[in-house]
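*Asks:* Sequence:
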Amino acid sequence: MFWTGTATPPWSALAWSAFIVGGSEALISGHAAAYLQDFADEPGFPIELMVPHHQRVTARKYASYIRVDPTVRRHRTRSGLRCVGVEDTVLDLCSTATPREIVGWVTVVAQRRLTTPARLKEALSRRQRMPHRELIEKLLDDVGAGVHSVIELDYVNRVERPHGLPTAHRQAHAGSEREWVDNLYEDCGLVVEVDGRRWHADAFRDRARDNRNVRAGHPTLRYGPEEIFVEPCGVAVEVVGQLIQLGWAGSFVRCRKCP
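Residue numbering for the sequence shown follows this note's numbering, beginning at 11 and increasing consecutively.
For the record, the hints were derived by calculation from the structure and aren't laboratory data. Computed from a predicted structure; not experimentally measured. Yeah, the Cβ is synthetic: ideal placement off N, Cα and C, and Gly gets one too. Hints are not guaranteed to be accurate.
As the list claims (entries may be wrong) - Derived pair list, reagent style SDA-like, types lysine to any residue, alpha-carbon separation capped at 25 Å:
id : residue 1 : residue 2
1  : K267      : W190
2  : K148      : L163
3  : K71       : R110
4  : K267      : E111
5  : K148      : T108
6  : K131      : H142
7  : K131      : R110
8  : K148      : R92
9  : K267      : C243
10 : K131      : R86
11 : K131      : R171
12 : K71       : R92
13 : K71       : G33
14 : K148      : P235
15 : K148      : G33
16 : K148      : R188
17 : K267      : E236
18 : K267      : R123
19 : K131      : R92
20 : K131      : G174
21 : K148      : P172
22 : K148      : S135
23 : K131      : E111
24 : K148      : R266
25 : K267      : D152
26 : K148      : T126
27 : K131      : K148
28 : K148      : H179
29 : K148      : N167
30 : K131      : H179
31 : K131      : R143
32 : K131      : T108
33 : K148      : K71
What the hints assert, rightly or not - Across the chosen pairs, the derived CB separations fall in these ranges:
id : residue 1 : residue 2 : range
34 : N167      : G54       : 20 to 30 Å
35 : V240      : V78       : 18 to 28 Å
36 : V247      : H63       : 20 to 30 Å
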């Protein structure tokens, strides 16, 4: 294939070239597949593709090929290109990721409503060997219960569970039936919101929603990544204190990291 332009070929042209070289059974995979399916902001480089075992393809500077059993993964077509489907792409990326990166991949597809925990579990069941299987299964249970981001999972695992807090209702309605809150302690009416970024464009809207929650009888606490990741025990003390004021009969549990 030849690129007739004078500028550097765009990513889409490189992807098409890599796909054609790979043959009719090739699949865009890895970060490139995540990019095509809208859950990665960058496509990664070189472009990753999978081909059947019988196919022999020489790697290019812009593309790498791995031979696999094509029956294990399901595929779809995006922008005319065959690529590994969302669920199998997530699992492929998780197989070489750190635990925190795994949380990111699983929660981003849930947050963007690109798949469901049930479909991810079905894809996982088709794989005899899968690194981090136990972590992924546990994470899918949490996502199924309403955890939709890394920081929401951090709140559950660093604040709520280690300190004996009751289990909140995730992604619940509080002050308005048209709006969702991250964590609602229904018996006490307390709302706990978590923000992925400390300062962001929606801060004004968040404050307005918090005020509406309070007017509707739902006191609201809001935390960012600094508090939840660096001072989870302090956050737990505040949440427990508010829960007790609102009538919760439980008590604070000191975790092994509490000062």
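*Asks:* Each hint: holds or not?
*Replies:* Hints, verified against the model:
A distance of roughly 32 Å separates the Cα atoms of K267 and W190; the hinted pair therefore is violated under the 25 Å criterion. Between K148 and L163 the alpha-carbon distance is near 11 Å, which keeps this suggested pair within the 25 Å criterion. For the hint linking K71 to R110, the alpha-carbon distance of about 30 Å lies beyond 25 Å, and the restraint is violated. Straight-line distance between C-alpha atoms of K267 and E111 comes to about 23 Å, which keeps the hinted pair within the 25 Å bound.
With a C-alpha separation of about 15 Å, the suggested pair K148 and T108 falls inside the 25 Å cut-off, and the hint holds. About 13 Å separates the Cα atoms of K131 and H142, which keeps this hinted pair within 25 Å; it holds. In summary, the hint linking K131 to R110 is supported, as the alpha carbons are separated by about 19 Å, within the 25 Å threshold. Distance hint between K148 and R92 is unfulfilled; the C-alpha atoms sit about 31 Å from each other, more than 25 Å.
This hinted pair checks out: K267 and C243 have alpha carbons roughly 8 Å apart, not beyond 25 Å. Between K131 and R86 the CA atoms are separated by roughly 18 Å; this keeps the pair inside 25 Å, and the hint holds. Distance check on the hinted pair: K131 and R171 sit about 24 Å apart at the alpha-carbon level, within 25 Å; holds. Distance restraint check for K71 and R92: the Cα-Cα separation of roughly 21 Å lies within the 25 Å cut-off, and the hinted pair is therefore satisfied.
For the given pair, K71 sits about 17 Å from G33 by alpha-carbon distance, which is consistent with the 25 Å threshold. Between K148 and P235, the direct Cα distance comes to roughly 22 Å. Compliance with the 25 Å bound is thereby established for this hinted pair. Restraint check for K148 and G33: not satisfied, since their Cα atoms lie roughly 38 Å apart, outside the 25 Å limit. A C-alpha spacing of about 30 Å is found between K148 and R188, which places the hinted pair above 25 Å, so the restraint is violated.
Proximity of K267 to E236 is assessed by CA-CA distance (about 16 Å); at most 25 Å being required, the pair is judged to hold. For the hint linking K267 to R123, the alpha-carbon distance of about 35 Å lies beyond 25 Å, and the restraint is violated. Restraint check for K131 and R92: the C-alpha separation of about 23 Å stays at or below 25 Å, so the hint holds. Between K131 and G174, the direct Cα distance comes to roughly 29 Å. Violation of the 25 Å bound is thereby established for this hinted pair.
Between K148 and P172, the direct Cα distance comes to roughly 16 Å. Compliance with the 25 Å bound is thereby established for this hinted pair. For a cut-off of 25 Å, the pair hint linking K148 to S135 stands: about 14 Å separates their Cα positions. Under the criterion of a C-alpha separation no larger than 25 Å, the hint pairing K131 with E111 is consistent with the structure, at around 18 Å. Taking the CA atoms of K148 and R266, the gap is near 22 Å; set against the 25 Å cutoff, the hint holds.
Restraint check for K267 and D152: satisfied, since their Cα atoms lie roughly 23 Å apart, inside the 25 Å limit. For a cut-off of 25 Å, the pair hint linking K148 to T126 stands: about 14 Å separates their Cα positions. A distance of roughly 11 Å separates the Cα atoms of K131 and K148; the hinted pair therefore holds under the 25 Å criterion. With a C-alpha separation of about 18 Å, the suggested pairing of K148 with H179 holds against the 25 Å cut-off.
The straight-line distance between the Cα atoms of K148 and N167 is roughly 12 Å, inside the 25 Å bound, and the hint therefore holds. A hinted pair counts as satisfied when its Cα atoms are at most 25 Å apart, and K131 with H179 qualifies at roughly 22 Å. With a C-alpha separation of about 10 Å, the suggested pair K131 and R143 falls inside the 25 Å cut-off, and the hint holds. Restraint check: the Cα-Cα separation between K131 and T108 comes to about 19 Å, which is no more than 25 Å; the hinted pair holds.
Only pairs whose Cα atoms come within 25 Å are accepted, and K148 paired with K71 is rejected, the gap being roughly 38 Å. Look at N167 against G54: about 28 Å separates their beta carbons, and that is inside 20 to 30 Å. Take V240 and V78: their Cβ atoms lie about 41 Å apart, and the range 18 to 28 Å is violated. Remark: the range hint 20 to 30 Å for V247 to H63 is contradicted by a beta-carbon distance near 57 Å.
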